[in-house]
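Engineer: Single-letter residue listing:
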Amino acid sequence: MTLLVTRAVTKRFGGLLAVNKLDFEVDQGAIVSVIGPNGAGKTTFFNCIAGFYSITAGEIELDGQPIHKLRRDQIAHLGVSRTYQNIRLFANMTAMENILVGQHHHLKSTWIGTVLGTRSVKDDEKRAQEEAGRLLRYVGLRGKGDLLASKLPYGDQRRLEIARALANKPRLLLLDEPTAGMNPAETSQLTEFIRNLRDELGITILLIEHEMRVVMGISERITVLDYGEKIAEGNPAEIQSNPRVIEAYLGRGGAADLGIAAGGASAAGVTNPGDPGAPTV
Amino acid sequence: MTADAVAAPVGSTTDVAPTESSTDWRDIAKIGLIGGAVAIYLCLVGIVPVFHARQLIAGVITLGQVALFGSMAIPGAFAARKARTTREAVIAGGAAGLITGGAVTLLVLVGSVIDLRAMFLNASPELYSMLTMGLGVAGAWIPAVEGLVLGALAAGIGRLPDHIRSPLVRGLFAILIVGLFAGLLRAPLMSAGLFQVARLLFTGDGLTVTGAVLVFAVVVIGRVLRQRVGVAARVAALPVERREQLRIPAIAVLIGIILVLPLLLGPFFAQVIALVALYVLMGFGLNITLGLAGLLDLGFVAFFAVGAYTVGLFTSLAEYGLLDVPFWVALPFAMLFAAIFGAILGLPILSIRGDYLAIATLGFGEIIRILAGSNLLLPLLGGPRGIINIPKPIDVPSTSFLAGPVQIYYIALVFGAVVAFLAWRLRAGRIGRAWVAIREDEDVAEAVGVNLIQTKLLAYILGAAFAGLGGAIFAGLVGSIFPSSINLFVSINVAAIVIVGGMGSIPGIVLGALFLIGIPELFREFTDYRFLFYGAALIGMMLYRPEGIWPSSIARRELHVGDEAPAMIAGDTTPITRGGMS
Chain L
532 MTLLVTRAVT KRFGGLLAVN KLDFEVDQGA IVSVIGPNGA GKTTFFNCIA
582 GFYSITAGEI ELDGQPIHKL RRDQIAHLGV SRTYQNIRLF ANMTAMENIL
632 VGQHHHLKST WIGTVLGTRS VKDDEKRAQE EAGRLLRYVG LRGKGDLLAS
682 KLPYGDQRRL EIARALANKP RLLLLDEPTA GMNPAETSQL TEFIRNLRDE
732 LGITILLIEH EMRVVMGISE RITVLDYGEK IAEGNPAEIQ SNPRVIEAYL
782 GRGGAADLGI AAGGASAAGV TNPGDPGAPT V
Chain E
63 MTADAVAAPV GSTTDVAPTE SSTDWRDIAK IGLIGGAVAI YLCLVGIVPV
113 FHARQLIAGV ITLGQVALFG SMAIPGAFAA RKARTTREAV IAGGAAGLIT
163 GGAVTLLVLV GSVIDLRAMF LNASPELYSM LTMGLGVAGA WIPAVEGLVL
213 GALAAGIGRL PDHIRSPLVR GLFAILIVGL FAGLLRAPLM SAGLFQVARL
263 LFTGDGLTVT GAVLVFAVVV IGRVLRQRVG VAARVAALPV ERREQLRIPA
313 IAVLIGIILV LPLLLGPFFA QVIALVALYV LMGFGLNITL GLAGLLDLGF
363 VAFFAVGAYT VGLFTSLAEY GLLDVPFWVA LPFAMLFAAI FGAILGLPIL
413 SIRGDYLAIA TLGFGEIIRI LAGSNLLLPL LGGPRGIINI PKPIDVPSTS
463 FLAGPVQIYY IALVFGAVVA FLAWRLRAGR IGRAWVAIRE DEDVAEAVGV
513 NLIQTKLLAY ILGAAFAGLG GAIFAGLVGS IFPSSINLFV SINVAAIVIV
563 GGMGSIPGIV LGALFLIGIP ELFREFTDYR FLFYGAALIG MMLYRPEGIW
613 PSSIARRELH VGDEAPAMIA GDTTPITRGG MS
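Order-wise, the sequence lines are chains L and E. All letters in the first sequence, in the order written, are residues 532 to 812 by the working numbering. All letters in the second sequence, in the order written, are residues 63 to 644 by the working numbering.
One chain only, chain E, in its complex shape (with noise of 0.2 angstroms):
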């Protein structure tokens, strides 16, 4: 217990605001009754028994326990902020743990009556052995009383001085990061031939103990260091232009770690980050039609569709190729088929607005996917069994490093950077302003002179051309091209995306596709709950940053510019005609 609470005791008129009434605990109960339901659903719905499988730190606490845990302490730091004094915290926290604990006792309990397995799956009695560590209903007590420690503690910590919190806090959380990304972190050490130290650090999929300490301790020094030497104030105390040049080191080394990254994850990494770094390419190109134009365009994969079968028509070496010509001969025609689709397909239904539009161009995604697979079609693109035997756009032997989806990778990142100029180019011109007021109000765009039409279907078409260019990627990633490929959650990822990551921003899209596409490539255990997760992060964007994760300066510009708007703005009274035109 800190000084503050010891003399400052519950109620006592020493406090800074004695007229204002103490803690409201019907508050405190309903934040712990709203983490208690979070607790029942993540065991019911599988998230705690699933990941408990997966150890965080060997032999000391799996993720499963780290979800449930953090059900709980969440609820005891969301308490304390509603109470005055530290004591009252701690008790707030600790109540609120309390509830939330009690709820998962209570789920035990009932467990133990009644057989929830029934309707819940996942109501197992490893669920309940894993709650009770093993006691069974004898150990019902276990998570409220766990409920009361962590809530108290989350508490506690959220009241200590921000100089010993800040490391504390972040310590904890860099190694439950180290720890979930453990088999990432671990590869690049195997392939560097250091298996001493990556065995010292980590176990298959988590981290040791050593390693958990180690992590702690570099992140606590590290921040400690940090604040000591006032790293941050000495940044920020620099002139712009220093600051400005202070971040043209820090790009090179991004984009050098960029660029060897393949090298150092082996096989598995590599399909992963090819993976992500195609989603980051088709992200740019439908930021051009969502992000810009504002055209909510879920049909993208009817485009990628005509991108991956073109290459599969042009290059395959199997039974229904065509052409038998290099992938680098098919790309822009691919390209080129998409972007007439798209012209065929924008033109009836581009003065659709809005939603409607959504549902109009998430029909045709469906409808090329049914035609993909089905008999009309069969003789030219093979129904279900698809075109195989795509070779790979470079053609190396495969014992060199660009043999797998390491090349894939190395493509999509050049033509990724390619789009990503292209739409930063445009935006800052003629066009990119009038697809921006077409996405800020339509009616009046046209009525300034902007042809909708026209300035609509260049958005659409542009964006179905780099569809087609991650079609054609996709089939030279795969090395075969099938209608299940084809699936409406193509679409759904990229529009995911660009809107989690932040509505026409570039780093936005790449941050987005590295949360929403690689990692649930990197854990498995995710997979079941992949949606559950989308849809979560999709509703929490919304929520509480709808700008996206990271927005493009002009939506960052909305946020910061009140700050500075209103002094300036105060002073100005210049009459409307001064300042006449000359």
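Same shape as in the complex, but just chain L (with noise of 0.2 angstroms):
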């Protein structure tokens, strides 16, 4: 089953075309990584499905309902949480009420309900709690709830993140090169986890990632992007052998490194690189 379609979704900034004419889908359940040179739009296409942008033209749609013209936080109440390539913290709450403000709309407490203390929003308030402590122990926080979002270190900081994303129950996470500034250590445990948000949650995963080891190792499909729009699209061993990829991201005479860069994490092994007309779907 199809959870996120976009049909020639365009995002345009004045002359410069961002995003242009994408067809997309996510199956239901799946780990789909979206990749590409830098500056080929990755992000701009996550602004555009978790409403950071009003797209230019065409249409997505989150499990049949078309999403493109609402709001943020509808479009979260939906389903759709998103992580942000430089951590977006709000740095002067704690790691808790990070996780907290996340589950925000799953809450029903109203203003009046909470300043006469009824016993409905205690109730609500303390299964929120509850709540957190859990996701906070599950991201490997535990412990640190009472700290200031900005006093983590980094890397607690990105699983904070996370949590925080998780809080709202997500069926689509969209993460937004989660292993940005991470030692292998700390991206093999990061690709381990969410591969395991999906097994154990069955959280659809769309991913934006440089790490090639971890595009390679958890996606199930790749769509390549280069300026704005889709060059290729396929499962890694495709993607591995795809030679307009490999030129778009590495220009040409670069292949090998992507091979090197692939190079076991790909169950079905390394095409050569500079195969001619290996499938782009």
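Quick caveat, the hints were computed from the structure, so don't treat them as lab data.
Chain L stretches covered by chain E per the calculated footprint, using a threshold of three residues with CB under 8 angstroms from any CB of chain E:
| id | stretch |
| --- | --- |
| 1 | 579 to 592 |
| 2 | 595 to 604 |
| 3 | 607 to 614 |
| 4 | 631 to 640 |
| 5 | 643 to 652 |
Between beta-carbon pairs, the in silico distance windows are:
| id | chain 1 | residue 1 | chain 2 | residue 2 | range |
| --- | --- | --- | --- | --- | --- |
| 6 | E | Arg607 | L | Glu661 | 36 to 44 angstroms |
| 7 | E | Arg143 | L | Arg673 | 39 to 47 angstroms |
| 8 | L | Arg673 | E | Tyr418 | 41 to 49 angstroms |
| 9 | E | Arg607 | L | Arg673 | 29 to 37 angstroms |
Just so you know, even glycine gets a beta-carbon here, dropped at the ideal spot from N, CA and C.
If you follow the hints, you should be able to join the two separate chains into one complex; please do so.
Structural biologist: Dropping the structure here:
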């Protein structure tokens, strides 16, 4: 079943065509990556899906429902959560509070109820706290709930951002370069973690990533963007062997690098990068 | 001169850090010059001559002299920090003070040749006479020598061992504070019938010499005893629960004092504290909008006006009164109308961000003020003549202790407590978290599911309702409402209280209101310089204490958490996959 569909999505900033007529699909329960050179329009595409930008033309549907005209909070209510390339936590709130804000629309307390301290508000709040504590532990931040988000080390901030996104109980999780700035050990932990999110919680994951080891290791499908256009789509093996991808990504003659970076990560093995006519779907 | 200075002459190799070159005299000169600029500024702007009229200790020292001497001693204290040995410190302090004093001397000399009055009104013969102790140009050397002595003295005090310096500095500071608040402190003594005591300690607006000596002695002895007994260390050694318990009686005493305060202070001060209480209430109201949701609303006065005029129209016994109902009937309507206004004005502008919102709301305040005084609404609101004869909220005979502003004080106190409670409850819940999230990063807040318009509008409407409440009580306090009461400074005062006190902090707002409303009301000498001090206070806060005087626990946690966090985290290498969601 298809969860997310975009049809001919276009985003134009003045004279710059950032995303050009992009057709794209994500299956329910899949892990899909969007890759491409810097400035290819990956983050812009994410921003279009999450409602940060209104798209110039095209349609975006989540589970059959058009979402491209909705506000960000409405899109979040439908079960789309995201993280950011440069971490954007609520810096002066504690880790716990960050997660609690993430649960915002799952809580029902009204302001009058909160002031009066009604039973239902108290229960609501108690459940929210328990859930937040559980999420903290789930991402490995046990005991750090009372620390301000800005005081957490970098890796913990990344985890907290994911925990906040999970608090919304998402169906679709958009991760924008989650391993940026992480060392190899942390990166492989996070890769495993992302896989678990899908396997254990059934969350569909859409990923922007530069680290080829991660992309090739966990993606079921990969879409490659360049200059706002989709230039290739397929499983990791297909992408690695696609000459257009290699050219866009590394320039002519850089093919070997992609092969090395992906070596061993792909179950299908590495086809000869120079091999012409590889399927692009 | 203390022993270590004698043992360690300048540049001696017995110093702790012999490789370090000795005191940097250019820094000292710079400090002195800055001090000089400040001193000349204080003189020419008129602070020194105006404050000179106020006796701090009768016949000994005036407030103006304190300002002048302070501007000489403080550079000395700063310069001393740059020096390494005690002897160098004293020399450095003296030098910095000398430069500061020298600048004032220069001012006197220049003033004797050129008539500075053409440009600076305050460069009067009285100023020069004060600076030179009545000697005129012949005494031009006096400020320089004062600077030298005071700078060296301040430097010397700074180098005293802590157990001597601390009581000394506190004692001097206490004289300054008690002297400043002499009128306020004298009132309860007088009302308690202790005329003899009052006369012994205080003159009309300052301390007597006896009073000053007594204050100094009490503070010094108290401090020394405290050090001997080691109160602070003992409290710190107590377990946390015991410390919490100790706070309960302290808070009870504080509440008791707050409750009986107007009874002690007499009518003039009752008016002042009623105004302070009213601003505390309004500060709590704006705290929701500004402190929690981060919406810089400078149109507070618009809703204040709606509240005040509503009460005027509903209750006034004079020309424009419509309904002639009691204050308490009008009050809910004042809040309701203000809230409705808040919703109407808020809806179109709340998508504007930050500074732009401030400008837009600033405009509202002005629009309302001009409307209130306009011919258009003259038949309804009375134009510039306003609405008069608004009865007091509680109708009591004029002999009752609740007759005057005292009742307003209590009313504002009660409502202030209600608003504070409300803000505190909301902050801990879903709505409050959403507000703070919006303050932190509204794009992300929306993306995690917070409806921005709804949430911001709620903050804005609540702020508006409490502004209306403030306006209503204000109308009750003054007994009339004019367009001239609806001015920008209401908005600015309230915003400054919230910012200076500490955004989002309840005690911070109380302190902010005391500093920014209470003190200027108490010191009539300050009136002309009120906004100068506001500006200085705001700039100083932003530079040195951006979190406010008494920051909220979160802001404070931000300051303290850094000490513990690294240690905790260093030992923790929990892999991200551990502790799965079973």
